[in-house]
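**Q** Could you put the whole structure together from the sequences, leaning on the hints where they help?
One letter stands for each residue in the lines below.
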Amino acid sequence: MSASSGPADPPGPEAPAPERPGLRTRVAETAEPLVARAGRATEQLGARFSSPLHDEWVASVLGVALGVAFTACFVTGLVDYLAQHPPGWFHLPVHPINLYRVNEGVHVITGIATIPLLLAKLWTVWPKLFSWPPVKGAAQALERLSLIPLVGGSLFLLFTGVVNIDYWYSPMPFFFPTAHFWAAWLVVGALIVHVGAKATTAAGSIARGPGPTPRSRRSPASPAAGRPGVGSSSDGDERSGLSRRGFIGAIFGTAGVLVLTVAGETVAPLMRLAVLAPRNPVIGPQRLPVNQSARQAGVTASAVDPTYRLVVRGRCARPQSFTLADLQAMPQRSAGLPISCVEGWSAGAMWRGISLPHLLGVVGAPSGAAVRVVSLESQHRLYASSEVDSAHAADPDTLLALECNGAPLDLDHGYPLRLIAPDRPGVLQTKWITTVVVL
Amino acid sequence: MSTAPEKGAAEPGEHGPLFWVFLLVGWAVIIFAIHGMVADRANPPGVWKLLVGLNIVNDALVAPVLVVVAVLVRRLVPGWLVAPLDVGLIASAVVTLYAYPLVGSWGKSAAAGYSRLPFDYAHSLLMVLGAIWFACALLALWSWSRKRPRPA
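Sequences listed follow chains W and C, in order.
Residue numbers for the first sequence follow my numbering, so the first one is 1 and each next one is one higher.
Residue numbers for the second sequence follow my numbering, so the first one is 1001 and each next one is one higher.
Note that these hints are calculated values from the structure, not bench results.
Even glycine gets a Cβ: it sits at the ideal position worked out from N, Cα and C.
A hint or two may mislead.
Covered stretches of chain C (in silico footprint by chain W; criterion: 3 or more residues with CB under 8 Å from a CB of chain W, positions within the stretch not fixed) [to be verified]: (1) 1018 to 1027; (2) 1031 to 1043; (3) 1055 to 1067; (4) 1105 to 1119.
To give an idea of the interface, some chain W residues facing chain C are shown, with a C-beta separation under 10 Å as derived from the structure [to be verified]: (5) Pro93; (6) Ile97; (7) Asn98; (8) Leu147; (9) Gly152.
**A** Here it is in structure tokens:
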């Protein structure tokens, strides 16, 4: 707008007509003040977050805790994925028998404890959304861009993890293990970028400590200054709410509540407290939970068919088939082994049946052979068969079980015959076995 | 999502070699993950829709609601009660969020049997919330007792 307010003189006949600015120039001239105003507005909005809970120390402490939690979840998740979908080079060791059980427990319980940490961290850094300008260069743009997979991916992992352990599959239009696995890699990549950008700042702010809490701008000073209430700001301005240490305490306390109310699904001494666990280790037929029932597997008729036979074939000298009576007449072995599920629950039980190495000896299988056990389920179903590597196949505690906790197998636990082996994912403890193939 | 540099962070152009190493390695892993997602047919559009959607829900819905709640608590509640109330609200919100699918029982199935989601989770949640608010009431009592003027 011109500074002159008087009427403009008419141009003389020799004066050239004023050149109209181009469209791009006009757009730029219009947009420039708008962008500047938007920048000022967002800066002013960001500056209104005066709570000490949005500061660097809180963000750094939560960031370190999240880094530790995500690393634990990533490592245990990697082991879990490889155990469930084993490539040729990966084999879980046979002993200790509880290795996979501990791995799954750590993965799921740590993931659940991460929920309050992540939400608190996102709350702490939320005002930074309103900083202006959002990026100041290409390197910073790449670092900022990685926050989309970092934040979204972290939320994705926790959300899909929780709905998966709750067996609520409809919000997931993908195969959970694969999507969760690759999303974890996505988050780890973004986390590496984030650590590179923030490690120095975070280390410095943690080393300096929380420092004094700034007084809230809008709050009157408390008459009880010098005697702050529980967890309130250390300068006595109670109306400003939790102090930074109080906030951190509340978040870790909440994580503790979640752990206490869930961990008992795999940590037996905490079982009575596990009221928010999707499983209880002693609720189920034969005091053992069932992940897939006979009805779901479609074997309710075939599993109780009197013509049932176990066929052992493949790379062995004496392929044979056995009736249920034949199997019951063979030497039996007992072993206390856990069922450890990918959803994080686990339960120990006493199993009794035929030791797999003994059976392999009967059919003349070569030593060191691996086997594939095949279920009565339709072979189109996932996990309808599974491979037992040579180390597990040679271990005397790897059983083709006929009994559980002193009684014949319940139909839902794999009657007439199921695999139970040390240190193996639950989905690979194949139930309703009808064929053993020596590989 | 945060998009701005933190106070004390290096300015653009001041990044050290470590920043660049982490940036390159991190983005290599991100690209590896995206490739894996596509190669494994993990339904990348479905994954990204949920991933970005959760990001938006947090930034545009959850965080503003929390701001409103925080402001209301500070304006309406006596000073000595703010911190215990904050603790109770934080713990209750997170525990409820976690327990929501359990209370909804959407994963229950007659075919799967009674061992799946075996509890009355609405009752369980109320018990846990009761314990949380009992602890917060004790904290509030302690906070109130510290606020009272001491006799001379």
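**Q** Against each hint, give a clear statement of whether it holds in the structure.
**A** Do the hints match the structure? See the list:
1. 1018 to 1027: holds (count 9)
2. 1031 to 1043: Coverage by chain W holds for the segment 1031 to 1043 of chain C (10 residues, Cβ < 8 Å).
3. 1055 to 1067: It holds: at least three residues are needed, and the segment 1055 to 1067 of chain C offers 6 whose Cβ sits within less than 8 Å of chain W.
4. 1105 to 1119: holds (count 13)
5. Pro93: Interface hint status for proline 93 of chain W: violated (26 Å vs cutoff 10 Å).
6. Ile97: violated (22 Å)
7. Asn98: violated (21 Å)
8. Leu147: Holds. Min distance 5 Å.
9. Gly152: With a minimum Cβ separation of about 4 Å from chain C (threshold 10 Å), the hint on glycine 152 of chain W holds.
Comparing the model with each earlier hint shows violations of hints 5, 6 and 7; every other hint is respected.
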